[in-house]
Each structure stands twice: as C-alpha cells, then as structure tokens.
Amino acid sequence: MFLLSEIFGVNIFCYKFMNYSISQNKGKLKKLLIVFVILLLALLSFMAGLFFSGKNEVLKEMAKKEAIYVGKVIGLYSEARSGVLSQDISFDLFWETWDALKNNYVDQEKLDDKKMFYGALKGLVASAGDPYTVFMDPKITQEFSEDMAGTFEGIGAEIGIKNEVLTIIAPLPEMPAEKAGLKSGDKILAIDGESTAGIFIDEAVNKIRGQKGTDVVLSIFREGFEEYKDITITRGTIVVNSISTEILPDDIFLLKITNFNSDTEFLFNKAVREILDKNSKGIIIDLRNNPGGYLDTSIEVASEWVDDNVVVIEKYSDETQNENLSRGRPRLAEIPTIVLVNQGSASASEIVAGALQDYKKAIILGEETFGKGSVQNLESLKDGSSIKITVAKWLTPNGRSINDEGIMPDETVELTLEEYNEDKDPQMDKAIEILKNQEEYQEILNREEDSNNNEEENKN
Numbered sequence: 140m141f142l143l144s145e146i147f148g149v150n151i152f153c154y155k156f157m158n159y160s161i162s163q164n165k166g167k168l169k170k171l172l173i174v175f176v177i178l179l180l181a182l183l184s185f186m187a188g189l190f191f192s193g194k195n196e197v198l199k200e201m202a203k204k205e206a207i208y209v210g211k212v213i214g215l216y217s218e219a220r221s222g223v224l225s226q227d228i229s230f231d232l233f234w235e236t237w238d239a240l241k242n243n244y245v246d247q248e249k250l251d252d253k254k255m256f257y258g259a260l261k262g263l264v265a266s267a268g269d270p271y272t273v274f275m276d277p278k279i280t281q282e283f284s285e286d287m288a289g290t291f292e293g294i295g296a297e298i299g300i301k302n303e304v305l306t307i308i309a310p311l312p313e314m315p316a317e318k319a320g321l322k323s324g325d326k327i328l329a330i331d332g333e334s335t336a337g338i339f340i341d342e343a344v345n346k347i348r349g350q351k352g353t354d355v356v357l358s359i360f361r362e363g364f365e366e367y368k369d370i371t372i373t374r375g376t377i378v379v380n381s382i383s384t385e386i387l388p389d390d391i392f393l394l395k396i397t398n399f400n401s402d403t404e405f406l407f408n409k410a411v412r413e414i415l416d417k418n419s420k421g422i423i424i425d426l427r428n429n430p431g432g433y434l435d436t437s438i439e440v441a442s443e444w445v446d447d448n449v450v451v452i453e454k455y456s457d458e459t460q461n462e463n464l465s466r467g468r469p470r471l472a473e474i475p476t477i478v479l480v481n482q483g484s485a486s487a488s489e490i491v492a493g494a495l496q497d498y499k500k501a502i503i504l505g506e507e508t509f510g511k512g513s514v515q516n517l518e519s520l521k522d523g524s525s526i527k528i529t530v531a532k533w534l535t536p537n538g539r540s541i542n543d544e545g546i547m548p549d550e551t552v553e554l555t556l557e558e559y560n561e562d563k564d565p566q567m568d569k570a571i572e573i574l575k576n577q578e579e580y581q582e583i584l585n586r587e588e589d590s591n592n593n594e595e596e597n598k599n
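Heads up, the working numbering is the position in the sequence shown plus 139, with the first residue counted as 1.
No lab work stands behind these hints: they were computed from the structure. All C-beta atoms in this analysis are idealised placements derived from N, C-alpha and C, irrespective of residue type, glycine included. Mixed in with the good hints there might be a few duds.
List of simulated lysine to aspartate or glutamate pairs, DMTMM-like, C-alpha gap at most 20 Å [stated by the list, open to error]:
hint : residue 1 : residue 2
1    : K420      : D269
2    : K532      : E458
3    : K563      : E313
4    : K301      : E248
5    : K254      : D341
6    : K499      : D549
7    : K569      : D549
8    : K420      : E458
9    : K322      : D369
10   : K322      : D564
11   : K454      : D269
12   : K499      : E579
13   : K527      : E313
Here are the in silico distance ranges between beta carbons for each label pair [as the list claims (entries may be wrong)]:
hint : residue 1 : residue 2 : range
14   : M255      : S334      : 38 to 46 Å
15   : E544      : K521      : 37 to 45 Å
16   : S229      : F364      : 49 to 57 Å
17   : T353      : R470      : 39 to 47 Å
18   : N345      : L415      : 39 to 47 Å
19   : E544      : S401      : 23 to 31 Å
20   : E507      : Q460      : 42 to 50 Å
With the hints as extra help, turn the sequences into a complete structure.
This is the structure in structure tokens:
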C-alpha cells in the first residue's frame, strides 16, 4: 500500500481515515489496481519490444552470414515446413518470380510463356558451369539431330566455347562459311550486330542458322587482325558426307574424315576395303577441322589399327573408369599411317589420334588439337526437348587427359595464313614426304619411345 502510494503519487490514507465507508475504499483500491496493471503491462511490452527487436537484428545478421545455397530445395517432392527458420528454398519462389515478371515487365506483350519456361530450364542446366552441358528446346533438339544426320541449312561451320569466347572450331569443306573465308580459331564477337558475350552454344547456333539464301553477318576477330571484321555469309543447304578419299602418288591413300556422324562407319568400311584392294603403301588420315561426333564411331575407326586393347578411357566424377576396347581385327595396323590434326580437331578426332599415338600405330602431324575431351549423354524429354549432360572425361590409353592437354603432334608443322591463302598445304606435303621415306617414318614414330628409354637409363 505504501509502495503504491510512493510510486503513483496517490494519496491513500490508512487506518486513521477509517471514517470513510468501506465501499468507497474498495472502489478506490479497484481503480488503483487497474491503473497499476495497465502501466505494468505497458512497461513489460516496451521492454519485450526492445528485447525481441534486438534478437531479430541478431538473427538477421546470422542469416546474412549463412551461405545463400545452404539448405534443401523443398516443395517438389515434399511440403515445405511451416514456421521453421531455415535457408531451405521453396519452388514457390519460381512462381513468385514468374508472376513478378508477368505483372511488372514494361513490354508484357513481348513475354512468351514457353520462352520463359524454356529459358528457366536453360539457366538451370547452365548453372553447372560446363559449356557442353546444355538444355535444348524442341527446335534446337531437332536441329541437333539433323546435324548428326549430316543435313541442315546454315553456314556449314562447327562452333564451340573456348576460354569463354564463341569460336569457330571448324568450317566444313566447300560450305558457305569456308567460302566466305572463316577459319578454325576465329572468334565470333557478334552475330548480326548482337554481342556473343555470355551466349550459350545452342543460342549461337540458332542465331547463325537460317533459311537457305538468307544472310548472316558475323563479327570476326582473328590473330593478326588489328580489329574485328564483319563477314557476311549467305546460308545454304548443308549436306555433309563425312568421308572423302583420294589416291595420291606413290600408292598413298588419303582418307579425309570431316565428322564422326551416322554415315561415317559405312563410308569408312568402304574406304578400308578400297585401301586393301589397292595394296596402298601408306595412309594419311586427315582429321583437321574435324569437330568430332559419335564415340562409338571413333572407336570403330581406331579399331582398324588397335588390336584387342583399350581405345579410350571414360573417367567419371567418382574416379571410376570405363575402358572402351577395340572391336574386330585391325586390318590397317601394318600400313604406315600419318594422322593430320590442327586446332580444329576435337572430341572424337582426338580419341582416334590419341589412341594411335599411344600405341605407336601412326605419326600425329600438324598442330595441337582443340582439347575437347568430355563425354555427353543425350537425355530426351517428353516434349521433344533434350539435355546434353557431361558425365565423364576422356583419357587416352596411356591415361592422358584429352580435355586438359589436347593431343600434341609428334611432328609439329604449322599452316600459316599466307600459305592458306595461296592454297599451299605444308602439313600434307610433309606427311607425303615422310611416308615416302620409311627410315624417317620409323625415326619419328619411335622418337618419344627412345627419349623415354634414355630418361630411364639416366635415372639408373
């Protein structure tokens, strides 16, 4: 009672004022208690507000320090947990983003639901950070199938991403790209004036491809150029026979493989029979500007030189390995062989060159290859789309990583721009020269082996 008097400044008289009625005292006490409770609750609310405000700030700071990708993605196969503080990500966020774009974008009429959806899937697959792991919508999937069949409309050039720059891997022989002067290694800075910075492979293909007779302008930069040049290319129908042959002087058989496509195995077997029928004294396999193709086809080709042994090793993320063995009998193993390569030789081309080099079945001549040594599986989706997923890396039989190293030639011979413009081919000339001189052929073929033996002797 006295404490209440002192705190609230209320004149409360005690027993000496008993002349007041009991009812009056009870009424005043009741009012004082109500005032006390209200003030106490206000004080507690204020203190609680300070406490929880500070706690929330602490929690916010803690959350900021957590990695943004910590936690599970929820809402796909299970319901999100309610009332739980976590960094889990709900698929509801996708639809929130979708709705925000649909409701707020300035040019809403330009938004297309299918393009938005497929764009989201592209971004999902691209998050792997691998230029060869890509999502392809139904249109791009169809074009990819046409590529492998060897018929399509476009400029006739294989493109890829090298050091994060869109690059010409190989212009196909006698096709519009080659006729316009494009070369392996050319960097494509823009397509019809639009920058290619950060572009996906399938996007670039889609922009470059087009109806026969229409034009596309590529902004090209090449070593030796002072600045980029705009090159206009008229698109055409691209029909590619992946193998062509020619009989050179001194019974040397030239076998040019432009791709490892669906027609390659049939054409290659036909060429092998011709080589044997003509009793050829030497073989030149021209894999320059060959961007690759089917793994099985490259193994079939290498098997004509490699007898019952490993052609290429697939190495997976868990360090397990799958050894792909040669098939059939090696009908060409005893015929001196030279393989021509350059920076446009990639993928399946590097498998063949690497296997023949490791087993000393051929001399690799020319320039260092592109270095595209990864395995992609093609997963077909129910709407006609597909995903190319990198599942492994390729190693040569001796364990060399094609992706990291490429294939270094046994005999390095460059082809300069001046020689190219003058229709000179020093790489082909050198290959013919070596095959005509069997002593030189054997010397180059065994050069690395002799070097390794000398190193071992020096260690001993």
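So, going through the hints one by one against the coordinates:
Between K420 and D269 the alpha-carbon distance is near 44 Å, which puts this suggested pair outside the 20 Å criterion. At most 20 Å may separate the alpha-carbon atoms for a hinted pair to count; K532 and E458 meet this at roughly 10 Å. For the suggested pair K563 and E313, the alpha carbons sit about 17 Å apart, so the restraint of at most 20 Å is met. Taking the CA atoms of K301 and E248, the gap is near 36 Å; set against the 20 Å cutoff, the hint is violated.
Of the supplied pair hints, the one linking K254 and D341 holds, its CA atoms being roughly 14 Å apart against a limit of 20 Å. Straight-line distance between C-alpha atoms of K499 and D549 comes to about 10 Å, which keeps the hinted pair within the 20 Å bound. For the hint linking K569 to D549, the alpha-carbon distance of about 12 Å falls within 20 Å, and the restraint holds. With a C-alpha separation of about 42 Å, the suggested pairing of K420 with E458 is violated against the 20 Å cut-off.
With a C-alpha separation of about 14 Å, the suggested pair K322 and D369 falls inside the 20 Å cut-off, and the hint holds. Taken as a hint, the K322 and D564 pair is honoured in the structure, with Cα atoms around 14 Å apart against an allowance of 20 Å. Of the pairs offered as hints, the one joining K454 and D269 holds, with about 16 Å between alpha carbons and a cut-off of 20 Å not exceeded. Restraint check: the Cα-Cα separation between K499 and E579 comes to about 14 Å, which is no more than 20 Å; the hinted pair holds.
For the hint linking K527 to E313, the alpha-carbon distance of about 29 Å lies beyond 20 Å, and the restraint is violated. Checked against the hint of 38 to 46 Å, the C-beta distance between M255 and S334 comes to roughly 22 Å, which is inconsistent with it. In this structure the hint that E544 and K521 lie 37 to 45 Å apart at CB holds, the actual value being about 39 Å. In this structure the supplied range 49 to 57 Å holds for S229 paired with F364, their Cβ-Cβ distance being about 51 Å.
The hint said 39 to 47 Å for the Cβ distance between T353 and R470, and at roughly 46 Å that hint holds. Distance hint for N345 and L415: a CB-CB separation of about 44 Å, consistent with the stated range 39 to 47 Å. In this structure the hint that E544 and S401 lie 23 to 31 Å apart at CB holds, the actual value being about 29 Å. About 25 Å separates the C-beta atoms of E507 and Q460, a value inconsistent with the hinted range of 42 to 50 Å.
In this structure, the earlier hints numbered 1, 4, 8, 13, 14 and 20 are contradicted, and the remaining ones agree with it.
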